[in-house]
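Line by line, the protein sequences are chains G and V.
Once you know that position 41 of the first sequence is 41 in the numbering used here, the rest is easy, because the numbers rise by one and skip nothing.
Once you know that position 20 of the second sequence is 20 in the numbering used here, the rest is easy, because the numbers rise by one and skip nothing.
These aren't lab readings, by the way, just hints derived from the structure by calculation.
Being a predicted model, the structure only gives us computed values, none of them experimental.
You may find that some hints are simply not true.
[Said to hold, decoys possible] Residues from chain G shown here face chain V by an in silico Cβ test under 10 Å; the list is partial:
no., residue
1, Tyr32
2, Ser42
3, Leu47
4, Cys92
5, Asp96
6, Arg98
7, Gly100
[What the hints assert, rightly or not] Label-pair restraints from in silico Cβ distances:
no., chain 1, residue 1, chain 2, residue 2, range
8, V, Lys53, G, Asn58, 12 to 22 Å
9, V, Thr17, G, Glu15, 39 to 49 Å
10, G, Thr18, V, Ser65, 37 to 47 Å
11, G, Lys55, V, Thr82, 39 to 49 Å
12, G, Leu47, V, Leu75, 17 to 27 Å
13, V, Ser80, G, Leu47, 30 to 40 Å
14, G, Gly85, V, Gly40, 37 to 47 Å
The beta carbon of each residue, even a glycine, is placed where N, CA and C say it ideally should be.
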Amino acid sequence: AQTVTQSQPEMSVQEAETVTLSCTYDTSESDYYLFWYKQPPSRQMILVIRQEAYKQQNATENRFSVNFQKAAKSFSLKISDSQLGDAAMYFCAYSDMRFGAGTRLTVKP
Amino acid sequence: DAGITQSPRHKVTETGTPVTLRCHQTENHRYMYWYRQDPGHGLRLIHYSYGVKDTDKGEVSDGYSVSRSKTEDFLLTLESATSSQTSVYFCAISEAGAGYGYTFGSGTRLTVV
Chain G
1 AQTVTQSQPE MSVQEAETVT LSCTYDTSES DYYLFWYKQP PSRQMILVIR QEAYKQQNAT
61 ENRFSVNFQK AAKSFSLKIS DSQLGDAAMY FCAYSDMRFG AGTRLTVKP
Chain V
1 DAGITQSPRH KVTETGTPVT LRCHQTENHR YMYWYRQDPG HGLRLIHYSY GVKDTDKGEV
61 SDGYSVSRSK TEDFLLTLES ATSSQTSVYF CAISEAGAGY GYTFGSGTRL TVV
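For reference, chain G alone in the conformation it holds in the complex (with noise of 0.2 Å):
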């Protein structure tokens, strides 16, 4: 079966300030797809980002951009020049319909 891991249950960063969520997981497959979603106090559940395992090129979404490291097993997630309302909750997912246990990202002004 496969797994995701999510390292650190919390993280700060100052606002304008640029942090990184880690994500590892284990797979033996070759070509998968794997997710960043923010999950706000509302509750909502947001698709941040996504990277196909078959593509070099790290997928970026404006501020958010991700460091995919396929032989490691590794994908991070980089915010950049945080905001306040980037506070949230963050998970990592993989295309087996597996989720890791999140990350709680603090924005302080």
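Position chain V relative to chain G; hints supplied.
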């Protein structure tokens, strides 16, 4: 909005009673999923559906059943609710499967007393 609604949004029920949660979508997506969210566990898959009357078990399916008689509706039933089933339940939909990402409903907070 993506056209996915969950009902009820909150529910309190007693141990041993049956409970049904409803997920309704207007996107005509083939795939539908039920997850539960608990602190320290993230989201765990309960059941999923890949078409009308086609369902399969997930990681934590014990004590839960599902039905999908129409494309738009996916029901989750707790046959006899237990306190361990107190959780937040999320429904998700996907047009082409989990590899393409989900759209989630707003969740149902279920408390079993």
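Right, here's what the structure says about each hint:
With a least beta-carbon distance of about 7 Å to chain V, the hint placing tyrosine 32(G) at the interface is held under the 10 Å criterion. The interface hint given for serine 42(G) holds, since its Cβ lies 8 Å from the closest Cβ of chain V, which is under the 10 Å cut-off. Contact between leucine 47(G) and chain V, as hinted, is supported at the beta carbon level, the nearest pair being about 5 Å apart and thus within 10 Å. For cysteine 92(G), the interface hint holds, since its Cβ comes within 10 Å of a Cβ in chain V; the closest pair sits about 9 Å apart.
Checking aspartate 96(G) against chain V: minimum C-beta separation of about 7 Å stays under 10 Å; hint holds. About 7 Å separates the beta-carbon of arginine 98(G) from the nearest beta-carbon of chain V, less than 10 Å, and the hint is met. Because the closest C-beta pair between glycine 100(G) and chain V is about 5 Å apart, less than 10 Å, the hint holds. Between lysine 53(V) and asparagine 58(G) the C-beta distance comes to about 40 Å, which lies outside the given range of 12 to 22 Å.
For the pair threonine 17(V) and glutamate 15(G), the beta carbons lie near 47 Å from each other, so the given range of 39 to 49 Å is met. Checking the proposed 37 to 47 Å range against threonine 18(G) and serine 65(V) shows it holds: the Cβ atoms sit about 46 Å from each other. A hinted range of 39 to 49 Å for the beta carbons of lysine 55(G) and threonine 82(V) is consistent with their spacing of about 44 Å. Separation of leucine 47(G) from leucine 75(V) is about 24 Å and conforms to the stated range, judged on CB atoms against 17 to 27 Å.
For serine 80(V) and leucine 47(G), the Cβ-Cβ distance of about 35 Å falls inside the hinted range of 30 to 40 Å, so the restraint holds. Glycine 85(G) and glycine 40(V) have their C-beta atoms about 25 Å apart, which leaves the hinted 37 to 47 Å range violated.
In the structure shown, a violation is registered for the earlier hints numbered 8, 14, in ascending order.
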